[in-house]
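Going down the list, the sequences are from chains A and B. For the first sequence, numbering that gives the first Met the number 0 assigns the number 0 to the initial residue and increments by one for each residue that follows. For the second sequence, numbering that gives the first Met the number 0 assigns the number 0 to the initial residue and increments by one for each residue that follows.
No lab work stands behind these hints: they were computed from the structure. Any given hint might turn out to be false.
[Stated by the list, open to error] Example chain A residues on the side facing chain B (calculated, C-beta under 10 Å, incomplete):
no., residue
1, Glu187
2, Glu188
3, Ala190
4, Ser196
5, Ile204
6, Leu210
In this text, a Cβ means the ideal position worked out from N, Cα and C, and glycines have one as well.
For reference, the chains in residue letters:
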Amino acid sequence: MSALEFVRKTLAYAFLLLVTFLMCFPLIWALSTSLKPARDVMATPPRLIPSEVTFANYRNLILGKEQYFRADQTYVPTTAAPQHFTTWFANSVIVSAGSTLISIVISTLAAYSITRFRYWGRRIIPYFSLLGYMIPSIILVFPMFMVMSGLALTNSLWSLTFGYVSITLPFCMWLLWAFFRGIPIELEEAALMDGASRLRVFVDIVLPSALPGIIAAAIFSLIVSWNDFLFARVFINSIENLPLTVGVMHFFEGVHVDWGLMMASAVLMTLPMAVLFMLMQRHLVAGFGAGAVKG
Amino acid sequence: MTIRLEHLRKSFGPVQVLKDINLELPEREFITLVGPSGCGKTTLLRIIAGLETASSGTIYHGETRVSDLAPGKRDVAMVFQSYALYPHMNVFDNIAYGLKVRRTPKAEIEARVREVAGVLEIIPLLERKPKQLSGGQRQRVALGRAMVRKPWLFLMDEPLSNLDAKLRVTMRSELKRFHLRLETTTIYVTHDQLEAMTMSDKIAVMDGGEVQQYATPEEVYNRPANTFVAGFIGSPPMNFLPGAALADGELSLATGSGARTVIADSPLAGKASREILLGARPQDVRVHAAVADRTFAAEIVLVQLLGSEKLVELAYGSGAVLTAQVKADSPLKAGQKVWVGFDPDKLHLFDPDSGRNLALESPRLSDPA
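Excised from the complex, chain B in its bound form (with noise of 0.2 Å):
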C-alpha cells in the first residue's frame, strides 16, 4: 500500500518547518529525503514515525488515516543515527525488545531474533552488550531491531553518518542488498546527495520545508527542477554561469568587456529571446588546447588531482570562474592560456530570477516526442 501525505505543515512556535508537504511513497520502493541541515527532512520523518505532530495534514497508509496514531501503533520500524541500542540489554534482547513489547511467543521470539542475527552475520555476538560492539556491527544490530518486526515501513535517519567513510560505502551496499531482499518500503534522510543518488528508488530534494523535486535519481540529476536541485546534486557542484542568453535559435553566454560568444544551439523550442542562468556540470565542460569553434578563452588558475579525474578552476572574460573535470592524464597546469567549450545536449538553462530549469516547463528539442 502507498503512504500519502497530505498538505503537511509543521511549525515549532513562530519557525516554519515544513510548509505543505504533498508526497506519494509507492509500496516497495526505498524512497530518500536529501537536503541540507535545516531542511526539515528529519522533521518530516519524525512525523511519519509520530514521534511528532504536524501541525496539520494528514498521513494515509493506503486509505487508513494513520497521522493520530501511536508511534508503536502504526507498526513502522526505524534506525536512529545515533543506532539508540539499549545500552543495559545485549544484542539478543535490544533485538528481541519489540516482539517482547508485543507478546510474541518465547519460541517465536528466539527464531525470529536468530533469522534477522543470520541476515546481518550477528549472532556471534548476541550476547554482547552495545558498548562492546564496534560502529558497523551496533548499526546492524539497530537494523535488526528494525527488521525483526517485519513493519511495512523503515524509516531510517541519517543511519550511515557515524561510520567512518570506508564502512559507509560498504553498508551502503548492504543496506541497498537488503532492501531488494525485503522489499519493505524504506523511507531514508540524508543530507548525502551521494547516498541519495546511490541508494534510492525516488528522491525528495528537501530545502527551506520545502519539497524541491521528487523523482528519480536520473531525473533529479539529468532534470533539476530548479538551481538548487541542481547544485545540491551531484560532485563537484555544478557550475552556475551568468550573463547567458537566448537569441535566433542559438545560445551565447557573455564572455567579458560586452564580447559575447555562441556555445551551443538553442536546447529549447521557439525561437523567443531571453536571458538565462546556465547550468553545467564540470564533467560537462570541455577544455580544448588550441581554440575551437563555439569555445571561448579562459585562463587555468588551479588544477586539483582527485584521482582518477582533475578539477581545473577556469577565470574567463571579466572575472567569472568555472570548473571542469578532465581527465587525470590531462596536461593541463595552471596558469595556462586554454579554450573552454560545453557539451551542448547537457547544458542546464534556468529562469534568472526565478531559478526553475526551463527545459521543464517547455520540451527540450533533443526529447522525444
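Excised from the complex, chain A in its bound form (with noise of 0.2 Å):
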C-alpha cells in the first residue's frame, strides 16, 4: 500500500466513522440517559459518560415499582405510573404481531393471485393499492376513526390491528406481486407435472422461493405498526390499551418530563426492532433487491 493510499483510505474511514457516529448519536444518548443517576441526566455540561451506572430506570420500567417515586424525594408520583409500561409493550407486540400476521397472509395470496391467474383489473391492482398508501395516513385516520366507532372497535387493540393492516397491506401486496413475477412458471408447472395440487404447489414450491420477499413485507410491516403513533393516539383513550409510542408520552407529566423513564423505554422499544433487523438482514435486502430489479 503506497503512503498516499493509506493517507487516503485512513480519511475516507475517519469520514465514515464520523457519520456512523452521528447517524447514532441520538441512539447513543437515549442509552446513555436511561443508565444515568437522576442528577446526571440535566447536568451542565451535559456528560455523554454516565458518572454512574444505574439500571434503576429499566428496573422501574419492568417491574414497575411506584415506591420508587415516593423514596426519591425529587420525584413527584405520577398517575402515568411505569406499571403499565409491560402492558403497552404486550400491546404494542400483539398488534404489530397481529397485524403483520394478517397482513401477510392476505398480501402473498392476493399477490400470487394477481401474478398467476386470468381476471380482469388484475393488472390495475397492484398500482392500485400503491395509490392507497400514497395517501398521508392523517387524511385516513379520521375516516377511519369513525368507521371503527361504527363497528364499536374503537378503544380496542381490534381497532389497530386493523388500522394497520389498511396500511400495510396494499404496500406489502405490492410488494410480492412484484416478487412473485420474478418466480419462473416453470418452476410450478415442473411442480405440476410432478402431480402436486395447485395448492400444495404453492406451499411446497412458490412460498420457499418468495421467502426473502415474504420476510422483507413482513419487516415493513413490522416496522410500520411498532412505529405508529397517530392511529394509536387517535383510536384509544384508555391508558392500559395503549401501544408504547403513545403510552411512553405519559412520562410528560405537567412541566415534569422523567427523562430517565423515557429514554430506557426507547431503548426497549428500539432494542425489539434492532435485533429482528440484524436477524433478518440478509433476507432484507434481497427482498428489496429482488423488488426493485423486477418490480
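Mind assembling these two chains? They're in different frames, but the hints should get you there.
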C-alpha cells in the first residue's frame, strides 16, 4: 500500500466513522441517559459517559414499582406510573404481530393470485394498491375512526390491528407482486407435472421461493405498526390499551419530564426492531433488491 | 400404447397457433417436433403435457382419452428448457419430489432416486443445491427428476438449448442412449434440425401451426414434402433454383439471357411439360474446372472454409446464385470461372406455386415399385 493510498483510506474511514457516530448519536444519547442517575440527566455541561451506571430506570419500567417515586424525594408520584410499561409493550407486540400476520397471509395470497391467474382488473390492482399507500395517514385516520366507531371497535387493540393492516396490506401486496413475478412459472409447472396440486405447489414451491420477499414485507409491516403514533393516539383512550409509542408520552407530566424513564423506554422500544433487523438483514436486502429490479 | 392427437387446435385470442394437428406417436419411439420459433411446437408439447388446454381436439393414450386430465394425472414427465429445478431443494429432494407427492414409501424413494442418480452419474451431487451445479449437471438432475417416476411418456422442451455447443453434442448422444435403454416414448421439441435428425425415430416438421411432414429423418431429408421442409432440414440449406422446366423427358434450367441448359433426365415418370422449382442440396452440386456434359458456366463469388469442407458461392446466368459444398482441399478460388452440374439422382422437384414435392405425387423413375 502506498503512502498516498494509506492516507486516503484513513481519511475515508475517519469520515465514515464520523457519519456513523452522527447517525447513531440520538441512540447513544438515549442509552447514556437511560443509564444515568437522576442527578446526571440535566447536568451542565452534559456528560455522555454517566458518572455512575444505574439500571434503576429499567428496573422500574419492567417491575413497575411505584415505590421508586416515593423513595426518591426529588420525584413527584405520577398518575401515568411506569407500572403500565409492560402492558404497553405487550400491546405493541400483539398489535404489530397481529396486523403483520394478517397482512402477510392476505397479501401473499392476493399477490400470487394477481401474478398467476387471469381475471379482469388484475393489472391495475397493484398500482391501485400503491395509490392507497401514498395517501397520508392523517387523511385516513379520521374517516377510519368513524368506521371503527361504527363497528364499536374504538379503544380496542382490534382497531389498531385493522388500522395497521389497512396501511401495510396494500404495500405488502405490491412488494410481493413484484416478487412473485420474478419466480419462473416453469417451477410451478414442473411441480404440477410432478403431480402436485395447486395448493401443494403454492406451499412447497412458491412460498419457499418467495421467502425473502415475504420476510421483507413482514419487516416492513412490523416497523410501520410498531412505530405508529397517530392511529393509537386517535383510536385509544384508556391507558391500559395504549401501545408503547403513545404510552411513553405519559412520562411527560405537566412541567415535569422523567427523561430517565423516557430514554429507557426508547431503548427498550428500539431493541426488538434492531435485533430483528440484524437477524433478517440478509433476507431484507435480497427482498428489496428483487422487488426493485423486477418490479 | 400409442398416443393419438386428433384435430388439435389452439388459439390465443385471435391468433391461431395450432391448426388441426393430427399425429400418431408410436410407443417407445423418439419423436421430435421441429420448426422455427412460433411454429407452435412448444404449444403442442404443453397441450400434450396438460399445461395448456387445446381449443378443440382430443388426445388419446391408447384408447383412453387424456385431454381432460390435470397434468399430474397424466403420468407424463417433462424436462423444461430452463430445467426448472426447485432452487430451495437439494438434488435428492428435487428428484424425489414427484415420488413424495405420490406418497411413495421412504425406502422406495431412497432406492429409486439412488438408482436414477447412478444411471446419470450424479450420486456425488445429491446433497447440492441447484445453484451449485453446472449447466450439464442441472440438465442431468432435470432428466433424473423425469426418469425417477418411470412415466409412460417423456416430454422435452428444448432441453439442450441452454448448454454450450460442445456439451450439447455430448448430451445429445447421452439422451439418445438413455432413450435406447429406457425405451420410454419421448416427444422432443427443438428448433435445431441437427438435433432432430440425429436423435429421432420420427420427425414432425412444423410451420405456421401445421405439421408439414411427419416421417423418419431419412425420409424428411431425402424426400421433403415441400419447400419449407426442404429448406429447413439440412445444413447448409438447400438451393432453390427458379426457372427450371420439364420437357421431352429432360430437366432443363434457365441459365441466363434466354439460354437453357439440360441438366438431367427427367426424374419423373410421364412426359408432361411443366415449370419446376428445382431444389439441390449444396452437397449435390458438382463444380467442374472444365466444361463437361450437362453443365453450365458460373463464376465463384465467395469461398468459405468450414474445416473438412468448403462452401462455394456461385453466380450464374443473370444474377442467380447457388451454393456448392466441395472438399476442403479443392483448389477453387473466388473469381474463377467454372462449370456447374448436379447429381441427377439427388435433385428435388417442387411445384412452383404450391411448393409441394412433385416426386411424392408421382413416383420417381428410380424408386423401386
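We went through each hint and held it up to the structure:
1. Because the beta carbon of A:Glu187 sits about 9 Å from the nearest beta carbon in chain B, less than 10 Å, this interface hint is met.
2. Interface hint at A:Glu188: satisfied, since its Cβ lies 5 Å from the closest Cβ of chain B, which is below the 10 Å cut-off.
3. Taken as an interface hint, A:Ala190 checks out: its beta carbon lies about 7 Å from the nearest beta carbon of chain B, inside 10 Å.
4. The beta carbon of A:Ser196 is positioned within 10 Å of a beta carbon in chain B (closest approach about 7 Å), and the interface hint is therefore held.
5. Of the supplied interface hints, the one on A:Ile204 holds, with its beta-carbon coming within about 6 Å of a beta-carbon of chain B, less than 10 Å.
6. A distance limit of 10 Å between C-beta atoms decides the matter here; for A:Leu210 the minimum to chain B is near 8 Å, and the interface restraint holds.
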